[in-house]
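*Asks:* Line by line, the protein sequences are chains A and B. Its first residue numbered -14, the first sequence is counted upward by one per residue in my numbering. Its first residue numbered 13, the second sequence is counted upward by one per residue in my numbering.
None of these hints come from the bench; they were simulated from the model. Where hints are given, some of them may not hold.
[Stated by the list, open to error] Ranges of calculated distance between the beta carbons of each label pair, as one might list FRET restraints: (1) Ala204(A) x Gln164(B): 37 to 45 angstroms; (2) Arg276(B) x Asp79(A): 40 to 48 angstroms; (3) Gln164(B) x Gly226(A): 19 to 27 angstroms; (4) Glu196(A) x Glu283(B): 53 to 61 angstroms; (5) Ile185(B) x Pro177(A): 51 to 59 angstroms; (6) Arg276(B) x Thr251(A): 23 to 31 angstroms; (7) His3(A) x Asp167(B): 47 to 55 angstroms; (8) Lys245(A) x Tyr148(B): 22 to 30 angstroms; (9) Ala44(B) x Glu196(A): 48 to 56 angstroms.
[Unchecked claim] Straight-line distance between alpha carbons at most 35 angstroms, and here's what the computed DSBU-like set of lysine-lysine pairs gives: (10) Lys178(A) x Lys205(A); (11) Lys245(A) x Lys178(A); (12) Lys245(A) x Lys127(A); (13) Lys183(A) x Lys245(A); (14) Lys133(B) x Lys193(B); (15) Lys133(B) x Lys314(B); (16) Lys248(B) x Lys7(A); (17) Lys205(A) x Lys248(B); (18) Lys178(A) x Lys248(B); (19) Lys205(A) x Lys245(A); (20) Lys193(B) x Lys183(A); (21) Lys178(A) x Lys7(A); (22) Lys248(B) x Lys127(A); (23) Lys183(A) x Lys205(A); (24) Lys183(A) x Lys7(A); (25) Lys245(A) x Lys133(B); (26) Lys127(A) x Lys7(A); (27) Lys127(A) x Lys178(A).
C-beta atoms are modelled at their ideal positions from N, C-alpha and C, and glycine is treated no differently.
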Amino acid sequence: MTLPVIEAQTGRFTAPPHINAKITAEWLVAFLQDEILIRRAIHCAVVGLSGGVDSAVTAFLCARALGPESVYAIRMPYQTSSPSSLTDAQLVIDALGIQARTIEITDAVNGYLQFEPDADARRRGNVMARVRMVVLFDQSAKYNALPVGTGNKTERLLGYFTWHADDTPPVNPIGDLYKTQVWELARYLGVPKELIEKAPSADLEANQTDEADLGITYAKADSLLARMLEGYSNEQLVEHGFERRDVELVRRRLDGTHWKRHLPTTAMLTNTAINEFYLRPVDF
Amino acid sequence: MEPPSLNSSASRVQLAIVQSKPRKGNYAENLAELRAIFAQLGSSDPPPDLVILPEGALTGYFLEGAVYELALDAQRFARDLSDAWSGANGGTRVDIACGFYENFGGTYHNSAVYLEVDGGKPTIRHVHRKMFLPTYGVFDEERFLSRGRRLQVFDTRFGLMALLICEDVWHAIMPTIAAVKGARMLIVPSAAPGRGIEEDDELGSIARWREILHATAAEHGVYVLYAGLAGFEGGKGMTGSSRVVNPHGRTLVEAPALGAHILRATLDMREIDLARATLPLLGDLNAVLPDLLLDDELPLPKVRQ
């Protein structure tokens, strides 16, 4: 007689990490209310609305937390930005009924880049990202509103962002969500499907896509990052069925970008060095 | 030790758990808010016999180096709690258990005090100093604090109790020792940052807490009274979820994860004896424990260290 065998399920190991979107949304709305309304006694938020899914999800969460009338969406196109980015952002503005403004950054960016005609795409992209933060922070001062960040966990871990630009807003509701989880949350929140289904792009150059830039799909990157952060070695990941090339690519980007996830390194000279000896929580 | 009898302690306890949401580091304001909460409780019908508050209830949990500025000696903290109660409710009697950061002569602890307030005067029944200080992941307690060295049960007008702070209760040996020593109620002040977004119905960390508290109560036939801190601290959301678990391992009442709340329940101490008669695991353990402790393979010290 042969007894039936019941095996533990291992299929989820290589799958992207799943979320309960309802619980996540409720938690993030409470987070935004606490950070903005209670801790800082500010009543409005400004969000740089790119036309992508990350800033759309952030705008949806802010609208839930603060009310749509208290959310300012700022579109900041450059001359090379895709026109569809503006129209996709408009879908979000219309869906939520939030306040919106479009501020071209072309003159500001070109005002500097005219002195650097040889700047490559990476440098030009960094200048655009930093100018966008100049605008966003000034708009926040104008409206007495808090800038809300839109960087997801995948791009933070892969270092796929401009340091002291995308990461500068003082609060970020989606920074602990992988890209695939942001998509899950977007579907739950009712973000227009055009934004969820299109290929993610930093939109710094024509026809640019994140996945082509990174050399790996978000689904694979998120699965790998989740396991790497849990402590699995490259060899273990390969044993579980991941492609060695993908494992090494993601590991290289992860290990090479720790510095981008920290404040500047300060030389320690005293036993009262800030954030080394003198330790106070951010909300103290 | 004589077991507590129903004749020597109240058979019914009017309980209130205050799931507080303090402003980080603002002790004076939080104390003033507590006085208002005490006024609400004092005017309720029936008023509580016992009020329980969370870990770091009047300061917040993540204090880092600021813990040295906010830590108080137990007498001062007990006096502040007593004054808050009596200022709101005159000389009425109440017992209070509350977590706080303690300055014990220059040694700093994550502690919880149990005091009786009567006629406006506090009497400290016990101070428990957290023994398991989480220092991993998001936690960094042992960098700033010293661990407690002893788990004691203490007598109250409601019978023997023990205080276990947060991670203390995650180690099954702690409630086990408390129960073997005679505790009939376990008071668990806690501050639990929420995480885990894969579960079906709630954050994973909340589900884990529920499993632990239910299992603890059912195994030993004790009431488990869990007071969870609420509110966000620098992006880390404390999961509240205060709950009262009866000696059968069932939740009588629970609070949501978010926001400040008051939980009320009437505890019938006779349920403890019923639960232990139905499932006599504690009696079984008392019988077997000496054999377990005499096991040479256990890494037990021969003398107290």
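*Asks:* When the structure is checked against the list of hints, which entries are broken? Sort them ascending.
*Replies:* Those not satisfied are hints 1, 3, 6, 15, 20, 25.
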